[in-house]
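Protein chains in written order, with the working numbering: chain B, 1 to 344; chain A, 1 to 344.
Hint data in this document are derived by calculation from the structure and do not stem from the laboratory. C-beta: ideal position from N, C-alpha, C; glycine also. Hints may be right or wrong, so weigh each one.
Covered stretches of chain B, going by a simulated chain A footprint (3 or more residues, C-beta under 8 Å) [claimed, not checked]: (1) 244 to 251; (2) 295 to 307.
Some, not all, of what chain B presents toward chain A, calculated at C-beta under 10 Å [claimed, not checked]: (3) Gln96; (4) Ala176; (5) Ala180; (6) Gly182.
If you anchor each label on the Cβ, the simulated ranges turn out as follows [unchecked claim]: (7) Glu341(B) / Met312(A): 28 to 36 Å; (8) Thr165(A) / Ala330(B): 30 to 38 Å; (9) Ala284(A) / Pro268(B): 47 to 55 Å; (10) Ala284(B) / Glu341(A): 20 to 28 Å.
There are 2 protein chains.
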Amino acid sequence: MADPGFSSSDAAGILRVPFFELLERLTRALRQLDFDPENAALCARLFAETTRDGVYSHGLRRFPRFAAMVRSGLVRPNAVPVQTAQCGALERWDGQAGPGNLNAWRSMDRAIALARASGIGCVALANTNHWMRGGTYGWQAAEAGVVGLCWTNTLPNLPPWGGTTPALGNNPLVLAVPRATGPVLLDIAMSQFSYGALEAYHARGELLPVVGGFDAAGELTRDPAAIEAAQRPLPIGFWKGSGLALVLDVIGAALAGGQATCEIAQDPLRESGLTQVFIAIGGAGAFGRNPNEVADAAIRFLQSSQPAAEGMRIRYPGEQTLRLREENLARGIPVDRVAWEELG
Amino acid sequence: MADPGFSSSDAAGILRVPFFELLERLTRALRQLDFDPENAALCARLFAETTRDGVYSHGLRRFPRFAAMVRSGLVRPNAVPVQTAQCGALERWDGQAGPGNLNAWRSMDRAIALARASGIGCVALANTNHWMRGGTYGWQAAEAGVVGLCWTNTLPNLPPWGGTTPALGNNPLVLAVPRATGPVLLDIAMSQFSYGALEAYHARGELLPVVGGFDAAGELTRDPAAIEAAQRPLPIGFWKGSGLALVLDVIGAALAGGQATCEIAQDPLRESGLTQVFIAIGGAGAFGRNPNEVADAAIRFLQSSQPAAEGMRIRYPGEQTLRLREENLARGIPVDRVAWEELG
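Please put together the full structure from these sequences, using the hints given.
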């Protein structure tokens, strides 16, 4: 789900700018942060496309924090991943503390190449940084015509089921299937709502649509402010998401030789040394049925379910991105005026 | 989570029997169903171990329905999977409508062999039957020292988020990491509670511990009977599990050339022609860190979270299975008296 950052009638403080202008300004800002031309161009594109696709929390709005981490030396602008082991179609790479989105892009690119050669390929990446929008690497795989499956760990930001203090990451998980008219693409964190989403609901004075965490008294609640105050967001599926966050973390750290969540600094401004896994499945003869046809049939069936309310549309994962991308390209990409002016 | 089928003070109608006796009786019953000796032995072991491990819903309790499907010809007792395509470390197999647990076991076995040769391997399996306990194949991978990741689709049994009639399978997903003192092993359906679990809570006159679906008025509820009546169980994480169920189904059907959920008969007694995916990651040099150490550190950290209630234990996925296995081996495997006597 795209975060609910902008409505169709934009709030004050929101500008709409042409995509190319956003790309240009981001490239310039990255050059000023000592990114070499190639890295600046790709990094700017990934931030700009994330904003264009409506994932505002990890687009321009996130850029100031990213820039601060480059300035503080935690993110090294021109570091590139180094291969540390190869075991057939499974490879281990060290991200050298490079920019998280560039490292992730290059890792999925390598996993795709392995899949083309071997039907399936996996890159386990240690020592990297926040990958920003996870869906980016799902789109990357789907646009290359392969199935993509990837995840990252994070700093401890999620209490496990049965606990009240953070002992898990929200470890986003991405799965993507290529489809001619737009991939089926899921990009989900293991928390039901991010702190950013809680903040957005809180600011609008709205209740969450479903329970999102516990209040200070330990009761499940839809009140975003109460969850923020108690710092007890909820794992998806209660004990199920709690277990999934743990096992994804352990698989990643073991394969990559990287840090597990328990070893990552519990401070968003010092969150570094992350571990990620990128799996691609595809290449000649990999599909037993055309994924377009399978996806179209599954989506038609999904949307044939009787809606819970009249006129309600049942969405497939990825659908919303296409709609927002189209709207934003037509009307201009919405940016926060302050962040835009700070870009220089 | 094991289903809450038996308490430590067993209800009337429950017998405790030695493991070897359960195994023997199941083997005999399978021989009478025309399973050849090798298939009968493995199939009996998988049913017996599932019961031993406390997953009663898919152990002996499930056997009568399994036997009925063998008798009706939907499950062919001696069919074995046939390879239909190879693409490097990715293979496609046809399950020939054989017993689901045997087909799944053989597919994970093949994925493990591929992983030993290539670091990672994948078997996409079409035309198979219900795999019974999914965790079985996670244990199989973990005991072979590799990471296991597998899923199955099912008949349509889950309304998608925003819909009121089934248009998704509950598509169980299994992830496992080897660990000397017991794997980290997650085995989760995409529904928050199975119909079996709803029935068990209902029979005990208990509310669900958390919301588990919608009532007839469309309100989220903890009342199991109201959810059964409305036939609206809830996907884990609301829209997130709904999306995950869809994308797992599409990936599987496209890779395996098998049926998607929308193509599977919507009748539990005719549920056949399922599609499954088995991925193993491992082999020499596959791990950058010892998975034991990573898992132990992550579990210690998990269990350091401040408990929500004094004395409450925070469990890692797989822990409960070990405890139940130990208890059942010591006290005898609990079986329903009726199902036991029907075994003959």
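Now for the hints, and whether the structure bears them out:
1. Counting residues of the segment 244 to 251 of chain B whose beta carbon lies closer than 8 Å to any beta carbon of chain A gives 7, which reaches the threshold of three, so the coverage claim holds.
2. As drawn, the segment 295 to 307 of chain B meets chain A at 12 residues by the rule of a beta-carbon pair under 8 Å; at three or more, the given contact holds.
3. The criterion of a C-beta within 10 Å of any C-beta in chain A is not met by Gln96(B), whose closest approach is roughly 15 Å, and the hint is violated.
4. Residue-level restraint check for Ala176(B) holds (minimum Cβ-Cβ distance to chain A is 8 Å; threshold 10 Å).
5. A distance limit of 10 Å between C-beta atoms decides the matter here; for Ala180(B) the minimum to chain A is near 13 Å, and the interface restraint is violated.
6. This hint is violated: Gly182(B) has a C-beta 13 Å from the nearest C-beta of chain A, more than the 10 Å allowed.
7. Roughly 50 Å separates the CB atoms of Glu341(B) and Met312(A), a value that falls outside the hinted 28 to 36 Å.
8. Checked against the given bound of 30 to 38 Å, the beta carbons of Thr165(A) and Ala330(B), roughly 35 Å apart, stay inside it.
9. Against the hinted window of 47 to 55 Å, the Cβ-Cβ separation of Ala284(A) and Pro268(B) comes to about 38 Å, which falls outside the hint.
10. Distance hint for Ala284(B) and Glu341(A): a CB-CB separation of about 55 Å, inconsistent with the stated range 20 to 28 Å.
Checked against the numbered hints given earlier, the structure breaks hints 3, 5, 6, 7, 9, 10 and satisfies all the rest.
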